[in-house]
Each structure stands twice: as structure tokens, then as C-alpha cells.
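Peer 1: In case you want the letters, here they are:
There are 2 protein chains.
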Amino acid sequence: MNKALSIALLLLSCYGVAMSQDTPSRYVRLAELEIEPAQMDAFVAATREVGQASVRSEDGCIALYAVVEKDNPARVRVFEIYRDATAYEAHVQTAHFRTFRTTTDSMVRTRKLIDANPVSLATKPGVVP
Amino acid sequence: MNKALSIALLLLSCYGVAMSQDTPSRYVRLAELEIEPAQMDAFVAATREVGQASVRSEDGCIALYAVVEKDNPARVRVFEIYRDATAYEAHVQTAHFRTFRTTTDSMVRTRKLIDANPVSLATKPGVVP
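Here the protein sequences come in this chain order: A and B. Quick note, the first sequence lines up with residues 36 to 164 if you use the working numbering. Quick note, the second sequence lines up with residues 36 to 164 if you use the working numbering.
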């Protein structure tokens, strides 16, 4: 192997390390939902259920976070992390996700999806992602 | 210990397990930032740096996620998880956070903070949170 090629491979490997630290290949889904206020408790219960089922049973579902805005308790913000796009495609085919959608569709007034690319997914070392 | 007390303690301990699964005591911070387009690369670099420094050196900083909207590459959305409010207060006093703010303040056009309460923070088992 000549010197130029060695340097090129070294640079590529360093780049690979930097990339994996920030896991930019992860597939992230964001959503903003407005929930029927009278249905909020039921929506919260269904969200916790689908979240736990997803991270437990799906290899590629890394995190499913949902929070409610303090200033507007009918507004829920969702932040989901999947290993890659294929893992997300598998997620929406699962029985627990389909049940969640069927159960909650009538509880959701509006739903805005935000497609996003990871910039940094820093998590405590030893923790995925 | 009488039977009623035993049952009460058992119920309390089950409730504790259920609570910890959904970690509602975690302190979550959300933000939406608009970045000067010419400064985006520098902002991304600074964000990765403060993210890695925070999760490595702060006991209570669990995750610091930043993503950029695909439809509006100047808009960054931030989702941070701390052990509790005290851990967040400690975070903003650290040298790496202060450096980040000083370095990036001129790069940020607008900054919207959204206070939120966790509904579900489901993460793959064995993983914090």
C-alpha cells in the first residue's frame, strides 16, 4: 500500500469514528400533536403502552419520547429515534403500533410531522444511541 | 407488619416501578433555534462538542439531542433530558456550557424555549433514561 492511500484510509477511519459518536445515521421522527382535552389521559396511557412495547420488542426502536407542553397541556411533542429508516418502516407495521393508531386516531385533533436530520445525539457513554 | 400495611407497601412498590419505567421525574428541555445559515457548520460543531462534554462529565445530563429540519435547514430543534431540575441548573453553570453560549450567541437568530413535562420516555431496556 502506498503512503497516499494509507493516509486516505487513516482519514476515512477517523471520519468514521467522528460520525459514529454523533450517530448521524440514526433515523429521527418528530411530531406535534393536539389532543382532545377530554381524551388526554387515555392518550397518555396509550402512548406509554406503545412506547414500552416498541423499545422492548423492536431491535431498531431506540427511543420513543413524548412530552406535553406546560403552557398548553393539549399539545404533545414526540421525539423518536430508530436505528435507521428500515427500522422505522418495521415499527409502523407492528401490531402494537397499529393498535395505538386505531385507538388514538379519534383523540388527535391535529398532527404535524417534522422530518429532521440528526445533528448530535449525545447520550451518556455506554448508552444507546 | 399487618396484612393491610404489607399490601399497601406492595402497591406502592409496584407504582414505583411503573413510574420509573416512564421516568416522569426527568427534567426535559426543548428548544427551537433559527441559525444564521452561514454559521450553521460552526453551530453544528459547537453543538456536538457541548453535547459530548455534557453527557461525559455531568452525572445528571442524560441526553442532549439536536436535529435540523429537512424542510428548513436553518432551523434546529433541541431535546435534552436531565435527571432532575437540579441537574439542569448544574449544567448551565459548567464551563463547557458557558463556552458554548458565548461561542454561539451571535450565530442564533431566534431562540424559542418550550417548557414540557414528560409523558413517556421509553428507551430500550437497560438504557438510561
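Worth double-checking, as some hints may not be accurate.
Given that identical chains are not distinguished, each listed pair holds provided it fits within a single copy or across any two copies.
To be verified - Straight-line Cα separation of at most 25 Å, DMTMM-like style, residue types lysine to aspartate or glutamate; simulated pairs: (1) K147 <-> E115; (2) K147 <-> E84; (3) K159 <-> E71; (4) K159 <-> D106; (5) K105 <-> D119; (6) K159 <-> E124; (7) K159 <-> E93.
Keep in mind the hints are simulated off the structure, nothing from the lab.
Peer 1: Are the hints correct? Go through all of them and say.
Peer 2: Comparing the hints with the structure gives:
1. With identical chains, the CA atoms of K147 and E115 are at most 25 Å apart both within one copy (14 Å) and between copies (21 Å).
2. Proximity of K147 to E84 under the C-alpha cut-off of 25 Å is restricted to the intra-copy arrangement: shortest distance 21 Å within a copy versus 30 Å between copies.
3. In this assembly of identical chains, the alpha carbons of K159 and E71 never lie at most 25 Å apart, being 36 Å within a copy and 29 Å across copies at closest.
4. Taking the shortest Cα distances, K159 and D106 never come within 25 Å of each other, neither inside one copy (29 Å) nor across copies (30 Å).
5. Proximity of K105 to D119 under the C-alpha cut-off of 25 Å is restricted to the inter-copy arrangement: shortest distance 16 Å between copies versus 31 Å within a copy.
6. When the C-alpha separation of K159 and E124 is checked against a cutoff of 25 Å, the pair qualifies only between copies, where the shortest distance is 18 Å, while the shortest distance within a copy is 27 Å.
7. In this assembly of identical chains, the alpha carbons of K159 and E93 lie at most 25 Å apart whether taken from the same copy (22 Å) or from different copies (9 Å).
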